Amino acid sequence: MLKLEKISARKGKFEIRDVSFQVEEGEVLAVIGPSGSGKTTLIETIVGVVRPISGRIFLKGKDVTNLPPEKRKIAYVPQNLCVYPFMSVEENIRFGGRNISFEEVRRIARMLRIEHLLDREAKSLSGGEQQRVAIARALAANPEVIALDEAFRGLDISTKEGVLSEFKEVQENERLSVILVTHDFEEAYALADKICVMNEGRILQLGDKEDVFFNPKNEFVAEFLGYSNVFEGYANGNVIETDLGIIKTFEQHTGKVKVYVHPRDVMVVREGKPLRRGIEENIFEGVLKEIIEKPNSSLILFDVNGVTIKAELPNYVVERLRLKEFLNKKPVRISLKTGRIIVISK
Amino acid sequence: MLKLEKISARKGKFEIRDVSFQVEEGEVLAVIGPSGSGKTTLIETIVGVVRPISGRIFLKGKDVTNLPPEKRKIAYVPQNLCVYPFMSVEENIRFGGRNISFEEVRRIARMLRIEHLLDREAKSLSGGEQQRVAIARALAANPEVIALDEAFRGLDISTKEGVLSEFKEVQENERLSVILVTHDFEEAYALADKICVMNEGRILQLGDKEDVFFNPKNEFVAEFLGYSNVFEGYANGNVIETDLGIIKTFEQHTGKVKVYVHPRDVMVVREGKPLRRGIEENIFEGVLKEIIEKPNSSLILFDVNGVTIKAELPNYVVERLRLKEFLNKKPVRISLKTGRIIVISK
Amino acid sequence: MRSQSLLYLSLAILFLFYVLPLLFALFKLDLSKIFVEFDEVARAIFLSVTTATFSTFISLFIGVPSAYILSRREFPGKSFVETFLDVPVVIPPVALGTLFLVLFSETQAFSGILFTPYAIIVAQLAVVTAIILRLMKTVFDQIDVSYDYVARSLGYTPAEVFLKVDLPMAKNGIISSAILAWTRAAGEFGATIVLAGASKNVETLPISIYLKLSVADISGALISVFVLVGIGIAAVT
Amino acid sequence: MRSQSLLYLSLAILFLFYVLPLLFALFKLDLSKIFVEFDEVARAIFLSVTTATFSTFISLFIGVPSAYILSRREFPGKSFVETFLDVPVVIPPVALGTLFLVLFSETQAFSGILFTPYAIIVAQLAVVTAIILRLMKTVFDQIDVSYDYVARSLGYTPAEVFLKVDLPMAKNGIISSAILAWTRAAGEFGATIVLAGASKNVETLPISIYLKLSVADISGALISVFVLVGIGIAAVT
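Protein chains in written order, with numbering that gives the first Met the number 0: chain A, 0 to 345; chain B, 0 to 345; chain C, 0 to 236; chain D, 0 to 236.
Hints were generated in silico from the structure; no laboratory data involved. Because the structure is a prediction, the values reported are computed rather than measured. In this text, a Cβ means the ideal position worked out from N, Cα and C, and glycines have one as well. Any given hint could be a false lead.
Claimed, not checked - Which bits of chain A does chain B cover? Going by a derived footprint, with three or more residues having C-beta under 8 Å, they are:
1) 141 to 147
2) 162 to 175
3) 184 to 193
Based on the sequences and whatever the hints tell you, model everything.
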C-alpha cells in the first residue's frame with residue numbers, strides 16, 4: 000500500500016534519516032517517539048508538503064515521491080486538527096469529498112457520531128468534536144491512506160478510551176490504511192498493528208506491536224516503553240551477574256550487558272504458597288520502601304541489596320497481600336518473570 | 000492551616016460558588032474536575048489575585064480574605080510555570096527566597112535534583128526541568144501553603160511517575176501543605192491525602208482519596224472517575240432489577256436507582272474453579288465482543304443480555320484465561336465485585 | 000503604594016496631553032463657518048474619500064497576494080525581500096514622495112500626472128501599500144500553514160487553497176487592514192504635498208488644513224481637523 | 000499553475016513599485032553637492048537626531064508605565080480609554096499638530112515655544128507617544144499575567160513586580176518600540192510643519208526636503224532623502 004524507501008528529509012531543526020517501512024491495506028502503523036524525534040517531519044513528508052532529500056515513496060506500487068500532495072490521495076489530520084472555523088460541520092466534511100452525496104455525508108457523520116452536529120459552526124465545537132470532524136473530513140475524501148499526527152491528544156483519560164475504541168471500529172469496518180504519529184505509547188498500542196519507534200530522526204525498532212512492547216531491542220526503546228528497572232551486569236551463558244545478584248535467563252548471552260525488567264513483570268511471592276512453575280528462578284529478598292498509589296494499580300518500590308526495584312501491582316493484589324503492613328518491616332520475596340527479562344549487549 | 004468558608008468568586012466566564020474546605024498542615028488536597036469547572040479561578044482566589052464575591056479565607060486561623068497576595072505566604076505555581084526566562088536557575092530560586100543563603104539554595108536544588116542546572120539560563124530548560132525550578136522557587140519562599148495549578152501537565156507517561164514520586168517525597172519530608180489543581184485523577188490519587196471533585200464551580204464531593212475514588216456519591220463524580228458501566232434499575236432491599244438482570248448489594252436501597260460498576264471491579268470467572276467467598280453473587284453469562292489492548296492491562300467488552308459491560312483486566316490474566324479464544328464464541332461467566340457496586344438514588 | 004500612584008500619574012499626564020488640546024479645539028470650533036465654507040469642505044471630503052478608496056483597493060489587490068506569497072512560499076531572494084519589508088513603512092512619506100517625484104518628473108510617460116489628483120493616489124499608494132503588505136503578512140503568518148496542508152492533502156491545488164482556505168480565514172484581518180489603510184490614505188500629507196503640491200485642485204482634507212493655516216485661518220482649518228478626527232474615531236470603533 | 004504565477008506577478012509589481020524610484024533616485028544623487036551643502040545637511044541631521052532622541056525618551060517615560068497600567072489594572076473608565084487608544088495613532092499628524100497649535104497659540108504660557116525647536120519636540124511627542132503606548136500595550140498584553148501573580152505570591156508588591164518582572168520581560172519589546180518611535184520622530188513632517196513652521200531655524204531632515212523642493216532644488220532634497228532612507232534601513236536591520 001504505502002511504502003517508504005530510505006527517506007531522508009529535513010524541516011527546520013527536525014530531520015529524519017533513512018526511514019523505510021511499509022503499511023499494508025487495512026493496517027495501522029503507529030510511529031512513536033519523544034518530542035523532537037522527527038515524527039511530524041516524517042508525516043509531512045508522506046503527505047507531500049515536505050520534499051525528501053533522498054529516498055522514494057510508493058503508493059500502491061506507484062512512485063509518488065515527486066507528486067504534489069493534492070495528487071497523492073493521502074488525507075492528513077494534523078496535530079491542531081485544522082477544522083475550518085468559517086465553515087459548518089457539514090461544509091467541513093463536504094470540503095473533504097467534493098462531489099459527495101448528502102447520504103454519504105450522513106453516513107460518515109453517523110459513523111463518527113457527529114450526525115447531530117452537522118449544522119453547527121465548526122468554531123463552536125469542543126476539542127473532542129473537532130477530532131471527529133477532522134477524521135470525518137479525511138474519510139470523505141476516500142483516501143488511500145489516512146495520516147494522523149497526534150490526532151487524539153489532549154482528551155480526558157475517561158473520554159479517550161471511548162474515542163480510541165470507536166476509531167478502531169471505524170478503521171476495521173472500512174479497512175482503512177492508517178499511519179499514526181503519537182508520543183503516547185498506550186494510544187499506539189490500542190490502535191496499531193505495527194509499531195515503529197523513532198528517536199532523533201531514525202527508526203530504532205519496527206515490528207508487530209507485541210514484539211516491540213515485549214521485546215525491545217535496544218536501550219532507548221526499552222527505556223521509552225517503561226522498562227524502568229535497569230541493571231548492568233556480566234553475562235555468561237544463561238547466568239548474569241548484576242548488583243542485584245544473579246539473574247537467570249532462558250537465552251544465552253556473554254559479556255557486558257544491560258538487563259531491563261518492566262515493573263509489570265515484577266511479582267511479590269506469597270508466603271507459604273507453593274511457587275508456580277516458571278517463577279522458581281530469579282527470586283530476591285528485599286525491603287518494601289514505598290507505595291505510590293494509583294486508582295487501579297500501585298507502584299511499589301523495594302530495596303534489594305541496596306538496589307531499588309519497582310513493581311507495578313493491581314490494587315487488589317496489594318490489598319490481598321496486605322503489602323502496606325510490610326512497609327520498612329520484615330523482608331518480602333519478589334520474583335522477576337524470567338521469560339520477560341530483556342537483555343541488551345553493550 | 001488553610002480554610003475556605005463559602006467562597007464565591009468569578010473571573011471572566013469561570014466562577015466558583017460556595018466552596019468550603021480545609022487543608023491541614025503537611026496535607027495535600029487535590030481539586031479535580033473537567034476543564035471549565037473553575038479550578039484555576041479557585042486557586043487564584045486562594046493565592047489572592049482574584050477577590051472573592053463572598054466568603055472568607057483563613058490561614059492559620061487568621062482572616063486573610065482582604066490581604067493582598069504578597070502578604071499571604073501562599074506560593075503559587077501556575078499552569079505555565081512562569082519560570083523567569085531572563086534569570087538563571089539560581090536567580091529564579093533566589094527570587095523566591097529573598098535573603099536566602101547559598102547553602103539553602105543548594106539544599107533546595109539538591110532536593111529537586113536540579114543542582115547541576117543552577118548556572119543554566121532558565122529559558123534553555125526543558126519542560127520537566129522548568130517544573131522543578133518553579134517548585135524550587137516556591138519552596139525557597141518558605142510559604143505556609145504551596146498552590147499548584149496543573150503543575151505536572153504535559154510530562155511523558157514514563158517520566159511522570161518519577162516526578163510525582165519525587166515530589167511526594169519532598170512534600171512528606173518537608174511537611175508541606177499543598178493545594179493541587181488537576182484534571183488528571185491518577186495524578187491526584189498519587190499525590191493527595193484528600194480529594195475534592197468540582198464541576199461548574201461547585202464542590203460535588205470532598206473526602207479522603209479512597210473514599211472519593213471507591214465510593215463516589217453522585218452521578219457526575221462516578222462518571223468522571225471512570226465508573227463506565229451504568230445500569231438503571233429499581234431497588235427493593237438489597238436486590239436491584241436492571242436491564243442486565245438482578246444485581247445484589249450489601250446495603251439496602253429502594254426506588255429508582257442508577258448502578259455504577261468500575262471496569263476494574265468486573266471479573267471473569269474461571270471455569271471449573273471453585274468460587275471465592277464474596278463473589279458467588281452477581282454472576283452473569285455473556286459473550287466476549289472486543290478486546291482493547293493496552294500495554295499493562297486490557298479493556299474487555301462483553302455483551303450480557305444485550306447490555307455492554309466493560310472489564311479491565313491485567314494482561315497476564317487475559318493470557319492465562321486465554322480470553323482471545325473466546326471472542327464471539329461460547330459464553331463467559333463474569334462477576335461484579337459486590338462490595339464495590341455503587342448505587343445512587345435518582 | 001507610593002510608586003503605584005506614580006504609575007497612575009503617567010496615565011493621567013498622557014490623558015491630559017491628548018484630551019486637553021482636543022477639548023480646547025472643540026471650544027474654538029466655529030460651526031457657523033461650516034455653512035459659509037460648505038462647498039469647499041465638501042469638495043475636500045469628496046477628494047479625500049475617493050482617492051483613499053481607490054488607493055486602498057489598488058494596494059489590497061497588490062498587497063494581499065504578495066503578502067501571501069511572502070508568508071507561504073520559498074523563492075530565491077526571499078530572505079532579502081523579507082529583511083527590507085519594513086523599510087518603506089519607516090521611510091517618512093515626504094522622503095518616499097520625493098523618490099517618486101524624481102522618477103516621475105524625469106520620465107515622459109509619467110510627468111503629466113504630477114500635481115493632478117492622480118498624483119494624490121500615487122502618493123497614498125506609496126505610503127499605504129507598504130502598510131497593507133506588512134499587516135497582511137502578519138495576518139497570513141498567524142494562520143497555521145497546516146490549514147493549507149490539510150486542503151492540499153484533500154486534493155486542492157495551491158491556487159484553490161489560497162482562494163478557498165486562506166482568503167476566508169484572513170477575512171477579518173483583510174477588513175481591519177483595509178480600514179487602517181484607508182484612514183492612513185485619507186490623512187496622507189507628506190507624500191501628497193510633494194507629488195501633488197498644495198493648491199486648490201488637489202485640496203484633500205490634510206492639504207486643506209495646511210492651506211488654511213498658511214493664511215492663518217485657524218477656525219477654517221479646525222473644520223477639516225474634526226472631520227479627520229471623526230474619521231479616526233469611526234475607524235477604531 | 001496559471002493562477003500561481005498571478006500571485007508571483009503581484010509580488011513583482013510591488014517590488015518594481017518601490018525599487019524603481021529608489022534606483023532611479025540613486026542615479027540622480029549628486030554626491031558633489033554634499034560638500035557644498037555640508038554644513039546645512041549636518042545641521043539638519045543634528046536637529047533631527049537630538050529632537051527625535053528627546054521625544055523618544057519622554058514618550059517612553061510616559062508611555063511605558065501607562066501601557067502597563069492599561070494592560071494590568073482595572074480602574075473606572077478603563078474600557079473607554081482602551082477604545083480610544085488607537086485614535087491618536089490614526090489621526091493624521093497635520094490634524095494632530097493643528098489641535099496643539101490651537102491650544103498653544105491661545106495660551107500665554109505655551110505660545111512662546113511655537114515656531115522654535117521646542118515645538119519640533121512637541122510635534123514629535125504628539126505623534127510618537129501614541130505609537131509607543133499602542134506598541135507597549137501589546138508587549139505587556141503578551142506577557143502572561145501569571146508571571147505577575149507568581150511574583151506577588153512570593154511577596155513582591157505591585158511596584159516591585161513592575162520593576163523586577165515586567166520591565167525585564169518587556170526589554171526587547173521596549174527596545175524595538177523605541178527604535179520604531181525614534182525613526183518616526185526623525186521623519187515627522189505633518190505636525191512639525193504646523194507647529195514649528197518651515198524655516199531655517201527649525202530645519203529637520205523632512206522639513207529640509209520640503210524647503211529644497213519648494214525652490215526646485217531636487218538634488219539638494221535627495222541628500223536628505225537618502226539620509227532618511229539610510230536611517231530607515233538601519234532601523235529595520
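Cβ contact check, 8 Å cutoff: the segment 184 to 193 of chain A against chain B, three residues minimum: With 4 residues in contact (Cβ-Cβ under 8 Å with chain B), the coverage given for the segment 184 to 193 of chain A holds.
Go check the segment 162 to 175 of chain A versus chain B for me, would you? Three or more residues, Cβ under 8 Å, otherwise it fails. holds (count 3)
Taking 8 Å as the C-beta cutoff, is the stated coverage of the segment 141 to 147 of chain A by chain B satisfied by three or more residues? violated (count 0)
Consistency note: the structure conflicts with earlier hint 1 alone.
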